[in-house]
Amino acid sequence: MNAFDQLLHGFAVALTPVNLMWCLVGTTLGTAIGVLPGLGPALTIALLLPITFKVDPAAAFILFAGIYYGAMYGGSTTSILLNTPGESATIVTALEGNKMARNGRAGAALATSAIGSFVAGTIGTLGITFLAPVVVDWALRFGPADYFALMILAFVTVSAVLGSSATRGLATLFLGIFLGLIGVDLQTGQARFTFGVPELLDGINVIIVAVGLFAVGETLYVASRYRSGVDEIIPLKGSLWMTREEWGRSWKPWLRGTALGFPIGAMPAGGAEIPTFLSYYVEKKLSRKPEEFGHGAIEGVAGPEAANNASAAGVLVPMLTLGLPTSATAAIMLSAFQSYGINPGPLLFESQATLVWGLIASLFIGNVMLLVLNLPMIAIWVKMLRIPAPQLYAGILVFATIGTYGITQSPVDLILLYVIGGLGYLMRRYDFPTAPVIIGMILGPLAEQNFRQAMTISAGDWTVFFTRPISATILVLALLALAGPRLFGLWQTMRLKNQALAGDS
Amino acid sequence: MLTRRELLATTVVAGAVQGLGLSFAQAQTLDMLKMFVPAAPGGGWDQTARSLEAALRATKAVNGVQITNVPGAGGAVGMPQFLNQWKGQGNALMVAGMVMVGALIANKSPFSLTQVTPIARLTGEFLALCVPAGSAFKSAKDFADALKADPTKVPVAGGSAGGSDHILLGMIAKAVGAQPAKVSYVAFSGGGPATAALLGSQVAAGISGYGEFGEQIKAGKLRVLAISADKRVDGIDAPTLKEQGIDVELFNWRGVFAPPGVNDAQRTAMIAVIEKLAASKEWAETCKRQDWTQITLTGADYGKFITEETARIGGILKELGLA
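Quick note, the sequences are listed as chains A and B, same order.
If you count by this note's numbering, then the first sequence holds residues 1 to 505, one letter each, in order.
If you count by this note's numbering, then the second sequence holds residues 1 to 323, one letter each, in order.
Honestly, the hints are just simulated from the structure, not real lab data.
Incorrect hints may appear among the rest.
Claimed, not checked - Label pairs and their calculated CB-CB ranges: (1) B:E243 / A:L47: 39 to 45 Å; (2) A:G196 / B:E243: 27 to 33 Å; (3) B:E243 / A:K54: 40 to 46 Å; (4) A:L426 / B:Q66: 40 to 46 Å; (5) A:L15 / B:E243: 51 to 57 Å; (6) B:G321 / A:L15: 54 to 60 Å; (7) A:V419 / B:Q115: 49 to 55 Å; (8) B:G235 / A:T463: 42 to 48 Å.
These numbers come from a predicted model, not from an experiment.
Every residue, glycine too, gets a C-beta built ideally from N, C-alpha and C.
Make a model of the complete structure from these sequences and hints.
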């Protein structure tokens, strides 16, 4: 049987009423936990593992896949409305999405994010169906040296969020890198910057920092500016739905985001955050209105949202084709396979064809369900912004606190949240950009670990970054992205000058 | 170290002795068992706790089980909490294992597993030394020779530094006469990424729990050079390290501990409950399904084992330059 017949067979499995019910439960639950910062799909699936003793494998995986995809949809909702990212992959969405909401375009931001997620999820799932073996062969060729080069390329994207002053932006980038280095070092097992606090040994969760800087910091800032009696309610402008212009500005970012997200998600050390950074950078560079970035550009929501959903599909590629868990959620799903006595590995597609194709079919169905669930919800969600500022921001604080406590039920995390929130207020007050902190915190440790892995493998030989074709290519791309625009600008001024000189004589 | 058969024998004897003296304790059903898991839901210790819960309920040894997860740093975050807040609670158990012994030492934690009350070692997973299918290494001896010649030229992938995978590599290096501090150990954030690096031939070899590699070996993508068990294992076509002249044996064991400060009656009663469980059909089935080797060891013998294991792991971590 070819992939298409197998897929049809998978739909027959997934479209039974019981499995459709599980799919609905999963997507609804996933959306809900995506909304809460801290409570992610990995933890939720782990807590639901005992269900595997009761229901049949196909139903359990359809439920888990629904949760996984649903969390990516839900995470963007709070990013856009409340500047409180629910998942680390939706942090970038908050940058433009929340600005759009403040400009009265919350409906359009939510719509482009939901439709973009649907487009990316569907294309990504098609990718799993037809391209998985090819993609996985290619992804395995990436070694630590190549990942390091990829991180260097991703660091270039910081330039898109630096704000008005490069010095301030770079200062906060390094603050982020420092925060990322706290905890036990993977390569030596030694604690760094933990000051004897055992809770810091595993490092600081990036969600706590994002919620602290964005949500708590913002709340304190608003409170410090608040004059009683002047309730400023964010107006809704124009239609709730996307305008023709907004459609026109969204569809290309959706496709580009998908093209970045799916392959990087399929890489064993790729992850979901890096494609969102890259997508944001690409969209800013390609936009006809780059000046809108930082003030609510729809491309900056459409691209990263597509990228994170496509990467969620990408993560399933090594999991299903090789039995390799490359994210926390995939690892938990694999342990669910094991509790059914199924050993996920390279032979999974052959030995468990019904289960795997049922799962893939349910991903398609889940995507449609998520779109149907989310689009009508937009009208309800945007009403949330009509809440007067004191109540709204109090709500955000409660929400951020509960979500943070939910991560590990540790009071230390709550203290961290508010210390970082205070820092976020000061950064806002003195005009330091906050986004580079997050980028530094995610990329810094990844770059460091991959660099050291590469150096261990090459026995200390530096040239490995330039002699490996993949790594060399990516480094050249990074150099072009960094220096290209300047060289081009220089060349243009020279030409103009020459022309002027020629005109003078 | 005791062989598995000897271990089994001691368990049976110990069980019989305790069975005579404390038949009343065995007959009792625990009303509520509280389990402390110093790791996140989904990991090895959590699965051990949840499997224990299922088996204990099935054998009607307990009426209810309540599981608390305190994740972080290989158990180093949960340990102080178990020592202080759970002190003296006779109906409480913590699930922990070899990884925690190493994590506490490497993190320079002031605590050690010798401070809690040993109840029983339950399961173990042996590790496997694997190479990509196309590797020039055909046996553990080839690998050992290369390691002896120049340990820096043989990059080996595994889980986090100071964990069981790294410890095994250190022990192999020491056994073949290479300097453990010189080995090229490439730490990955878990078995999945480490296996990916191995499949892509980014490293020369990899060490992880056999289960992590099993399916890749079956599919012919990886080759197993040796396993770290004490003898050959049914259904696995791989020689042990010992057979190939490398005198190393390592189990990533998991067991249960009571809090400090429980009295003798509580301790013996808990040991009796766990011994009965370890001998049950339900537990044997669980272990088979999860690919865990049953290496039951209880009470005082387990306490002695913990002391020896702490010294052995502390020694090898020091030689690896991590402690």
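Original post:
Do A:G196 and B:E243 keep their Cβ atoms within the hinted range of 27 to 33 Å?
Top reply: Given range 27 to 33 Å: violated, Cβ gap about 45 Å.
Original post:
Is 42 to 48 Å a correct range for the gap between the Cβ atoms of B:G235 and A:T463?
Top reply: Given range 42 to 48 Å: holds, Cβ gap about 45 Å.
Original post:
Does the Cβ-Cβ separation between B:E243 and A:K54 fall within 40 to 46 Å?
Top reply: 44 Å, holds
**OP:** Return holds or violated for the Cβ distance of B:G321 and A:L15 against the range 54 to 60 Å.
**Re:** Once the Cβ atoms are compared, 58 Å apart, the range 54 to 60 Å for A:L15 and B:G321 holds.
**OP:** Kindly confirm whether 51 to 57 Å is satisfied by the beta carbon distance between A:L15 and B:E243.
**Re:** Since the Cβ atoms of A:L15 and B:E243 sit about 53 Å apart, the hinted range of 51 to 57 Å holds.
Subject >> Beta-carbon spacing of B:E243 to A:L47 - inside the hinted bounds 39 to 45 Å or not >> reply: 43 Å, holds
**OP:** Indicate whether the distance between the beta carbons of A:V419 and B:Q115 respects the range 49 to 55 Å.
**Re:** Because 32 Å falls outside the window, the suggested range is violated.
Original post:
Do the beta carbons of A:L426 and B:Q66 sit within 40 to 46 Å of each other?
Top reply: 43 Å, holds
In summary, the structure is inconsistent with hints 2 and 7 from the numbered list given earlier, while agreeing with the others.
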